[in-house]
Each structure stands twice: as structure tokens, then as C-alpha cells.
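Novice: If you're matching them up, the sequences are chains A and B in order. Taken in order, the first sequence gives residues 0 to 250; the numbers are from numbering that gives the first Met the number 0. Taken in order, the second sequence gives residues 0 to 310; the numbers are from numbering that gives the first Met the number 0.
No wet-lab data here; the hints were simulated from the structure. We put the beta carbon where it would ideally sit given N, CA and C, even for glycine. Where hints are given, some of them may not hold.
[Claimed, not checked] Subject to a maximum C-alpha distance of 25 angstroms in a straight line, what follows is the list of computed SDA-like cross-link-like pairs (lysine to any residue):
#1 B:K134 - A:Y4
#2 A:K166 - B:N86
#3 B:K126 - A:K166
#4 B:K122 - B:E92
#5 B:K127 - A:L238
#6 A:K2 - B:L190
#7 B:K126 - A:K247
#8 A:K247 - B:T213
#9 A:K247 - B:L128
#10 A:K247 - B:L190
#11 A:K2 - B:D95
#12 B:K134 - B:K205
#13 B:K205 - B:V228
#14 A:K166 - B:K122
[Claimed, not checked] With beta-carbon atoms standing in for the labels, derived distance ranges:
#15 B:A11 - A:L83: 21 to 31 angstroms
#16 A:F15 - B:G102: 46 to 56 angstroms
#17 A:I113 - B:M195: 25 to 35 angstroms
#18 B:D63 - A:W97: 44 to 54 angstroms
#19 A:V123 - B:H105: 53 to 63 angstroms
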Amino acid sequence: MRKFYTLLSREVRSYFYSPIAYIVLIFFLLISGVDFYFQVSFMNQRQVQYSVQEAFFNSIFFWFAFVLIFPLITMRLFAEEFKLGTIEPLMTAPVRDWQVVLSKFFGALVFYLILWIPTICYFVIFQIITGHLAANSAAAYWGSYLMLLMLGMFYLSIGCLASVLTKNQIVAAIISFCAITLLFFLGLVQFILLDVSSATRDLLGYFSAIEHMATFSRGVIDTRPIVLYVSMTIVLLTLTYQAFQTRKWRL
Amino acid sequence: MIKVENLTKRYAGQPAIQDLNFEVGRGEIMGFLGPNGAGKTTTMRILASFMPPTSGRATVAGFDIFEQSLQARAHLGYMPENVPLYNDMRVTEYLDYRAALKGVPHRRVAERVGDVRELCGLKEVEKKLIGTLSKGYRQRVGLADALLHEPDLLILDEPTIGLDPNQIRQVRQLIKSLGEQHTILLSTHILPEVEMTCSRVIIIHKGRIEACDTPENLLGKIRQAGGVVLEAKVAADDGAEELKKVSGVRDVTVDVDGDWKIFSLRVESGADVREEIFRLATDRRWTVRELTQRRATLEDVFVELTHPDVV
Chain A
0 MRKFYTLLSR EVRSYFYSPI AYIVLIFFLL ISGVDFYFQV SFMNQRQVQY
50 SVQEAFFNSI FFWFAFVLIF PLITMRLFAE EFKLGTIEPL MTAPVRDWQV
100 VLSKFFGALV FYLILWIPTI CYFVIFQIIT GHLAANSAAA YWGSYLMLLM
150 LGMFYLSIGC LASVLTKNQI VAAIISFCAI TLLFFLGLVQ FILLDVSSAT
200 RDLLGYFSAI EHMATFSRGV IDTRPIVLYV SMTIVLLTLT YQAFQTRKWR
250 L
Chain B
0 MIKVENLTKR YAGQPAIQDL NFEVGRGEIM GFLGPNGAGK TTTMRILASF
50 MPPTSGRATV AGFDIFEQSL QARAHLGYMP ENVPLYNDMR VTEYLDYRAA
100 LKGVPHRRVA ERVGDVRELC GLKEVEKKLI GTLSKGYRQR VGLADALLHE
150 PDLLILDEPT IGLDPNQIRQ VRQLIKSLGE QHTILLSTHI LPEVEMTCSR
200 VIIIHKGRIE ACDTPENLLG KIRQAGGVVL EAKVAADDGA EELKKVSGVR
250 DVTVDVDGDW KIFSLRVESG ADVREEIFRL ATDRRWTVRE LTQRRATLED
300 VFVELTHPDV V
């Protein structure tokens, strides 16, 4: 456990050694700040049925930033170690493969969660200044942040798998970006293809991140997406682990 | 400490090492010699459990490198070729991290890191970023890392490559002093280094072991690669014919340097023909300015074993 913690703490710290962490943080704060500002301005000018918190988590800005950050967070995880050769001292130390894989995944997850902390301030500030509630219920907060965690785990595990397959960070970023974008569009198909049967549309709806976020950010916590994302994360991390082990035979 | 049996590794069907068998005893400094691409790094990577062999077995400190890889790794310190390090960490920070990773008990981390920092002369760069260090210092960080958990066995892949002569001397000194407590397997293609530091030598060529012995014995085996040099003023055109008749001399080649003739004699293994030659020279009233036995060096052994056509 100590070794896992040692690896994890290095992973988290390593984000802040490189400029990537700060660039991602700034990029993300900027876009989410613009998102929040637009939602508030929008609501100021007309009567709407939803809360500012709901609007924030369902806007196009949010999704735009959302799909972009995962390749940036995960591309270096394994690829950089392969490229620099630091995988050699790492794997000749008495550590297990799964410790390395999980520490990289959770390291990325911790950094991802750090990205979201400032957004909590938005709602607090909103309430202090306007005197209105930012969300309709406490469950809406829990729901949206829980969905962020679920989606984050799933997309980060895709990024882990992409990074373990190559020693080129750019290649890793492109693979994970394509995979995540495709999955994201899969959820949009139900709005586009009107000629397919309703069963197909319902099926695709189960995979729709937009739909899931819409439900959760209203405060409705549905267990089906949770099962989907947790199990997909486990599957992808298992694949990552397997791919990581094959490096020994590929050498 | 190391036991290797029939170790074979193939890359895409191409054998990198074939049927290696050797043992390294406790407290030995074993030199691993071979031209580039001979399979040194491959062998060391397998021993360090970085990759598995295609077939064969090996044990390190009594632990099978494949079945009990974790225990084996806990007992060895490995310094890879070119020392890959995290460039964005600071020296002490890196060593702290590595100590924890290698299972050095929490309360001993500071002490161990302090010790290896002292031993490897890293005191003055402890707060620097690894990426800003010179090659020599990086090498020392790699060595410090290998020593952190007080391993029984050190595997050092080209520890002196890319260093300047002073640094090479320092590292060599360090390795020698480490050899008092540790078993060391080091690879190199710098031959004087092996002669100076190692108690035994393995010469590997095209993935096979060509020789495994002490440096002295290896030299003894190929005395003929050395030989005798005679520089003399020889009146007549001959001289070579007479020298060939001396028992023990296999072959004579002649060079001319003004009035002087330089005879290079290849002699049979173990034979010392200088006395005979001296007598011959006095009989014939040759003026002699040099009569020396050229001692074979490991370089000769190396060349003879790995490039038989050159000799």
C-alpha cells in the first residue's frame, strides 16, 4: 500500500512539474468561467425553467471543454515513461504492474478532480451576490458532481489505454480524443437519426453522456449509468493492465 | 548470487542471446565484456526482471527472476544504460521517492538517502533539477539509486560510458570500494576498466559466451597473441630465418627502420624465448637495441575472441 501511495503521489505531483497542468487548469478555468458568465447573463434577460447549476453543466461550452481535457490529462501517463526510458528503473524496482497502472489512473483522476474544485466557488459566489439559490436542491449538486466523477473515470480509463499503446504522446492524445469524441457523438445519434426505430434510439440513449448529465444535474440519481461507467472503467483498466504487461514480450 | 541456466532471448525470431550459462558468486566483481550488440544489455535486463527470457532460467540471490520477480528485484540494484531519470524532479526528491518505492523503511529513508548522496558525491547538486545535471552527475544519481536499498547485488550497465577520464577514475574507484560489500555485475567495452576492477570476466559475442575466467587466466591462454619484439642491426639480409629456427617461435615478421630491423615474433603459448634469442644475437654479433616480451592485454583476448580474422 505504501508503494502504491508513493507512486500515486509522484503521479499527482508530476502534473505540476510540467507546464501542461497549468495550461490545462487555465484553459479549463477560462472556458468554465465563460460558460458560467454566459449562463448567468442569459438567465438575467429572460424567464427560464431551470437553475443556473443545471444550465452550467448542460451547456455546449461545458461539453466542449469536457471532451478536450481528457487527452491532455492522460496522454503522457505511460507514453512519456516509454519514451524517456524511465519505465526501466520503474519496473526494475520491486513494484507490481497493477500498482503502476492503478497509480497512473488514480493520479489522473485526482488531477481531474482538482480541476473541478474551483467550479464549486462559482455557485457559492453566485448565491452570496444574488441571494438566490444556484441549484434547486442539494441532490442536484451531488448528482452533477457524481456524474462528473463517473464520466471522468470512464474517459480517463480510455486515455490510460491509449497512452499504454504507444510511446508517442501525440499519438496517445489523438487515439483518446477520437475514441472519446466518437463515444460522445454516439449519444447524439438519437437526436439526428429520426428514421431509426425508437428501440435503437432508446438503446443509444443509454450511452448518451448528455442525457446522463441532464438527469443527474436535476438531482435524479439513476443507478444504470453508474453501473455502466464503473463497469466500463474496470474493463478498460483491465485492458490497460493487459496491454502494459505485453510490453515485456514486445520488447 | 546469480545463476544463469540456458538463458535464451529472441527478438522476433532473431536470437539476441543463446544458451547462456554462468554463475556469479557472492562478493565477486564480474565484468561483462562484448562488442556492441553482443547481448550484454539484453542479459542484464533479463536479470533485472525488466523482460522475461524466451527460455532458460536465472536466479538472483536465490529467487527466480520470473517466478519470484518481486523478491529478486528487492535484492538487486540496477542501473540501466544511459540512466533514464525523471528530468523534472530534484535529486533528493527523486532519491526519496525511489527509496520509498524500493521499500526502505520510513524512518531510514532520510539516513539512506543521505548516505548514498554522500557516497556518490551528490551533495552539491541535491537541490538541482535532474534535467539540468551533466552526464556525469546523472550517472551518479543512477548509481545512488541502485544503492539505496542496500542490495546484495548490483547490476550496472555501462557505468562509465560518456564520462570524462577523471569521472571514469572516480566511478571505478567507487565500484571497487562497493565491491567489498556487494556482488557486482558490470558491463563495459572499456577494457582497462575490467582489468583494473573485475575479479572475473565474461566475454560475450553474438549472444554466446566465448570465455569466462579471471583476467589473468584469460591472458595466460592467449600468450601467443603477445610475443617478442627484437630490434637489431643485422648485417646480412637474413636474420628472420635464423630466428624462426629458435624453438618456440612460430612466426617472424620483419620491418625495417633505417639500419635497424624490427622482428616481431609470435611465440607458442607460455614459451619465453628471450634467452635463446639473446644467445643467438651474441653469437652472430648483432647489435641489439631492444628485446622485449610484449604482454598480451585483455584487448588481445577480446579481439581474438570476437574478431578471429583480425589476429
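Novice: The structure should be examined with respect to each hint, and the outcome stated for every one.
Specialist: Taking the hints in turn, this is what the structure says about them:
Between B:K134 and A:Y4 the alpha-carbon distance is near 31 angstroms, which puts this suggested pair outside the 25 angstroms criterion. Taking the CA atoms of A:K166 and B:N86, the gap is about 17 angstroms. The hint holds against a cut of 25 angstroms. Under the criterion of a C-alpha separation no larger than 25 angstroms, the hint pairing B:K126 with A:K166 is inconsistent with the structure, at around 30 angstroms. A C-alpha spacing of about 13 angstroms is found between B:K122 and B:E92, which places the hinted pair at or below 25 angstroms, so the restraint holds.
The straight-line distance between the Cα atoms of B:K127 and A:L238 is roughly 38 angstroms, outside the 25 angstroms bound, and the hint therefore fails. About 40 angstroms separates the Cα atoms of A:K2 and B:L190, which puts this hinted pair outside 25 angstroms; it is violated. For the hint linking B:K126 to A:K247, the alpha-carbon distance of about 34 angstroms lies beyond 25 angstroms, and the restraint is violated. Our distance criterion of 25 angstroms between C-alpha atoms is broken by A:K247 and B:T213, whose separation comes to about 34 angstroms.
For a cut-off of 25 angstroms, the pair hint linking A:K247 to B:L128 is broken: about 30 angstroms separates their Cα positions. As the CA atoms of A:K247 and B:L190 are separated by approximately 32 angstroms, the hinted pair breaks the 25 angstroms bound. Only pairs whose Cα atoms come within 25 angstroms are accepted, and A:K2 paired with B:D95 is accepted, the gap being roughly 12 angstroms. A threshold of 25 angstroms between alpha carbons decides the hint, and for B:K134 with B:K205 the separation of about 29 angstroms lies outside it, so the pair is violated.
A hinted pair counts as satisfied when its Cα atoms are at most 25 angstroms apart, and B:K205 with B:V228 does not qualify at roughly 33 angstroms. Note on A:K166 and B:K122: the hinted pairing is violated, with a Cα-Cα distance of about 34 angstroms set against a maximum of 25 angstroms. Checked against the given bound of 21 to 31 angstroms, the beta carbons of B:A11 and A:L83, roughly 24 angstroms apart, stay inside it. Separated by about 26 angstroms at the C-beta atoms, A:F15 and B:G102 break the suggested range of 46 to 56 angstroms.
Hint check: A:I113 to B:M195, Cβ distance near 53 angstroms, so the stated range 25 to 35 angstroms is violated. Taking the beta carbon of each, B:D63 and A:W97 are about 20 angstroms apart, not inside 44 to 54 angstroms as hinted. Distance hint check for A:V123 and B:H105: the Cβ-Cβ separation is about 39 angstroms, which falls outside the suggested range of 53 to 63 angstroms.
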